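Can you make the complete structure from the sequences, with help from the hints?
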Amino acid sequence: MGADIRATVEWVDARERLPEDGMPVAAATSGRYPSGSADAPHPEAGVEFWLVMPMVFSHLHFAEDGSEHHDCFIDSDRLIRLPHGRGDAYPVTHWAYLPTLPGTDEHYLRGGEARAALGDAQS
Numbered sequence: 001m002g003a004d005i006r007a008t009v010e011w012v013d014a015r016e017r018l019p020e021d022g023m024p025v026a027a028a029t030s031g032r033y034p035s036g037s038a039d040a041p042h043p044e045a046g047v048e049f050w051l052v053m054p055m056v057f058s059h060l061h062f063a064e065d066g067s068e069h070h071d072c073f074i075d076s077d078r079l080i081r082l083p084h085g086r087g088d089a090y091p092v093t094h095w096a097y098l099p100t101l102p103g104t105d106e107h108y109l110r111g112g113e114a115r116a117a118l119g120d121a122q123s
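The sequence shown begins at 1 in our numbering and counts up one residue at a time.
These aren't lab readings, by the way, just hints derived from the structure by calculation.
Computed from a predicted structure; not experimentally measured.
Incorrect hints may appear among the rest.
[As the list claims (entries may be wrong)] Beta-carbon label-pair distances, calculated as ranges: (1) A89 <-> R17: 20 to 28 Å; (2) A26 <-> R86: 18 to 26 Å; (3) L98 <-> H70: 16 to 24 Å; (4) E106 <-> P34: 32 to 40 Å.
Glycine included, each C-beta is placed from N, C-alpha and C at the ideal position.
This is the structure:
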């Protein structure tokens, strides 16, 4: 059975402070749904959104096209999102560090440490 594990989330305004380089975060991003194409219009075209997505923060990121980006968030689709106030159509308004692994103070474990911690969490 699952353990009753709770996490406290501290949301940080992206205009005030940025995460550490390379850290995975929960990021709140806003914007409007795109129109799609003439053949397949998006059903929510133009509707505003504000949602939470997992992203990684980078002080320096080189996009696939070779362009250089500073202090940016990268989502799972490799879209580059900038902190609110820097002119991005889909800015990150707030961010929070992800919770640690159950029963640990760590975000990442490997090898024997991962096996032991996973075993402890599943017992």
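Hint by hint, here is what the structure shows:
1. A89 <-> R17: 20 to 28 Å: holds (23 Å)
2. A26 <-> R86: 18 to 26 Å: holds (20 Å)
3. L98 <-> H70: 16 to 24 Å: holds (23 Å)
4. E106 <-> P34: 32 to 40 Å: About 38 Å separates the Cβ atoms of E106 and P34, which means 32 to 40 Å holds.
In this structure, none of the earlier numbered hints is contradicted; all agree with it.
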